[in-house]
Every structure is written in C-alpha cells, then in structure tokens.
Amino acid sequence: MALKYKLVLRKNMSPKAPNGQKLFYAQTRATRVCNFEEICDEVADTSTLSSGDLKLGVDRITSQLVKSLKKGEVVHMGELGNFQLLVRSTGSEKEGEFTQANLRRARLIFRPGAKLRYLMETVASERYIPETKEVECTRTHLD
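So the sequence shown is numbered by numbering that gives the first Met the number 0: it starts at 0 and just counts up by one.
Hints in this document: simulated from the structure, not taken from any laboratory. These figures come from a predicted structure and were not determined experimentally. You may find that some hints are simply not true.
Pair ranges (Cβ atoms, derived) [unchecked claim]:
(1) E37 <-> E94: 47 to 57 Å
(2) I38 <-> G90: 36 to 46 Å
(3) Q63 <-> L6: 35 to 45 Å
(4) G19 <-> N81: 34 to 44 Å
(5) R138 <-> V57: 17 to 27 Å
(6) M0 <-> N81: 25 to 35 Å
(7) A29 <-> Q63: 22 to 32 Å
For each residue, glycine too, the CB sits at the ideal point set by N, CA and C.
Using the sequences and the hints given, assemble the complete structure.
What follows is the structure, encoded as structure tokens:
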C-alpha cells in the first residue's frame, strides 16, 4: 500500500526565494489511525503471547525506557531503533553567567533501526485527490 499525500500551496521558505512566492508541497494524509489495542491484538494472533501480556510488556519497557533516559543513557531498542534525550540552551558570553535558566526543554530523539530506515527509503507514494461533489445550495441569499 502506498503512502497518501495531497498538494498544498505554501509560502516558499527558501532563503533566496522571491518575497511572497508560493509553491506546491506534498502533505502526507493518514488513511486511518491504528491504535495500541489493534497492534496488541494483531501480535497476539500471530504469537504465543496474549494481548494482556503484550500490554504489560510494553508498559514495563516504557517505564524502563524513562528511567534510562533520565540517567542520560542512549537506549538501543533492537530493530525498533534508539532513543536519546537532548538538551538545548541559549548561549552566554561567560561560563560563570550560564545558569539553569539558559536550558530549554529537553527533546526526545528517535533514530530508527534498519527495518524502519529501509521502509523510509522504499515506501511508495500516491497522490490523494479528494472527490468533489457539486451540491446545489438551497439557502436564501440576500442581494
């Protein structure tokens, strides 16, 4: 199945773009939402684990992931990929002037594993064109 996208007209943000120039860009369109329950049920159907076992496992993995990230560790999750917390800051001219106030909110970085990287390189894309319907207006209009 192909990744769906639609075209949207947006301001050209390139540094050398003429002022006010607009270009068409692809915007991904989700075909549906697949929730956690569905994924657990699908995996349970194709393994010896129950849906409840999977949910408990994911809950425990999430808890351990949070603990490891808080300690500043890079967490390798096998074929899924790696997780890491990064902190950004504003600069200060002198080392002694740098305080906690210079720190910004931490960011969670995810680096996909080999299978997900392969997916990103090979996924097919298909333009989504919504069906348009002509509907006659039945409202009274003032002239």
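Quiz prompt | Violated hints, by number in ascending order, as checked against the structure | solution = Hint 5 is the one this structure does not satisfy, whereas the remaining hints hold.
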